[in-house]
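Novice: Sequence:
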Amino acid sequence: MKLRKEKWKVEKIGNVCQVISGGTPSRNVDEYFGIDISWFTPTEIPKDKIEIVYESRENITELGLKKSSAKILPEGTVLLTSRATIGLIAIAGKKVTTNQGFANFICIDKVLNNWYLAYWLNSKVNLIKSLSSGTTFKEISKTTIRNLKIPLPPLEEQKQIAALFQSIETAIGQVEGQEKNLLKLKNQLLRELFGEMLQFGNYLNKNDFEKIKFEKIALNISERVEPQKTTLDTYVGLEHLDPDNLVIARTGKPDDVIGTKLKIYKGDIIFGKRRAYQRKVSVSHFDGIASAHSMILRANEKNIEKDFLPFFMQSDVFMNRAVQISEGSLSPTIKWKTLASQEFILPKKEKQKRITEVFKQFDITKEQLKQQKTTLKNLKQKLLSEILG
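Residue numbering for the sequence shown follows our numbering, starting at 112 and increasing by one per position.
Hint data in this document are derived by calculation from the structure and do not stem from the laboratory. Fair warning: this is a prediction, and the values are worked out from it, not measured in the lab. We treat Cβ as the ideally placed atom computed from N, Cα and C, and that holds for glycine. Treat the hints with care, as some may be off.
[Said to hold, decoys possible] Taking CB as the label site, the calculated pair distances span: (1) T255 x D366: 35 to 43 Å; (2) E287 x P443: 29 to 37 Å; (3) S333 x Q472: 30 to 38 Å; (4) Q479 x L266: 34 to 42 Å; (5) Q129 x K291: 20 to 28 Å; (6) I456 x L330: 14 to 22 Å; (7) P265 x E303: 55 to 63 Å; (8) V469 x F248: 45 to 53 Å; (9) I475 x E497: 31 to 39 Å; (10) P265 x T154: 33 to 41 Å.
Between the sequences and the hints, there should be enough to build the whole structure, so can you do that?
Specialist: Set out below in structure tokens:
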């Protein structure tokens, strides 16, 4: 795509589109809320990508529209969250309205393409946030937005630029779809393996399974460490662990935490024993220290393959049991003694290595897809900066 920037004009936003706010009907009048008109709030606008939106969680009636400052917005209107949560963008897929947390843009058709405007706004999110003000919550005024200056390529060039970014977002969406399908398939295999079916394709039959207590397959490592006295430089809190992900993508520093922690060695399993429903199980690829709200486990290799244990702990069978045996209401936590006594039905050790290789391949593929997505997102940001910056 050849850009002819020498032919681009620069205009104030207010000269090339209408900028309209929204409103909220009184909650005290039931007749103001109903099925007539989609009424969006900022929490409904997708993050990280620009999407066409149609249906909102709540609708308002024609009467509610009339009795509030909300305005009808035609199909194609660009919606920008402008209050508290600033900078999320969507395109109206039909006639809609919004609450007061938006600046909504109705483009002059022959001058400004709505998708081009949406991506230009996306490239200026940091600027828009910096121009916001307020004590209780930040907000950017409609006057400030109207005075922002936007580069205006010829209309056909605007459409080409918008199509480029749409193609990148489509590619990101396809990768995300592959990630979801991969996780769905992995979880299905885990359910079949550890659930009532007790199967793994044609590889296993019921004679290949045995009942075993958790204390026979896992060792609880409770070596204590004082963060300010250790020479280790990596800390893992539960906030650093992602649900259903064995890989630790983020870490902290021991200097940032206080109180006694747990020592972890490379290869140890970090299990979030507090609020187990969050499904946090990861394998450490380094020596370090971990939150006392985690449980540090190590495979008892006499009875289980080392790399098989974390995959079992990702299964619904294990996680559901972990939730069931948690104690406490505000912050349910698992005691090692209780977990140790739990019995599970697992494939015999001699069958585990081959199964482990299959699940490892799932995780390798997932990491490859994650890298693809990161590359595409970086490309999008680079092009936003180069073309529209």
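Novice: Look at each hint and say if it fits the structure.
Specialist: These are the hints, each one checked on the structure:
{"no.": "1", "hint": "T255 x D366: 35 to 43 Å", "in the structure": "holds (41 Å)"}
{"no.": "2", "hint": "E287 x P443: 29 to 37 Å", "in the structure": "holds (31 Å)"}
{"no.": "3", "hint": "S333 x Q472: 30 to 38 Å", "in the structure": "holds (33 Å)"}
{"no.": "4", "hint": "Q479 x L266: 34 to 42 Å", "in the structure": "holds (39 Å)"}
{"no.": "5", "hint": "Q129 x K291: 20 to 28 Å", "in the structure": "violated (38 Å)"}
{"no.": "6", "hint": "I456 x L330: 14 to 22 Å", "in the structure": "holds (21 Å)"}
{"no.": "7", "hint": "P265 x E303: 55 to 63 Å", "in the structure": "holds (57 Å)"}
{"no.": "8", "hint": "V469 x F248: 45 to 53 Å", "in the structure": "holds (49 Å)"}
{"no.": "9", "hint": "I475 x E497: 31 to 39 Å", "in the structure": "holds (33 Å)"}
{"no.": "10", "hint": "P265 x T154: 33 to 41 Å", "in the structure": "holds (37 Å)"}
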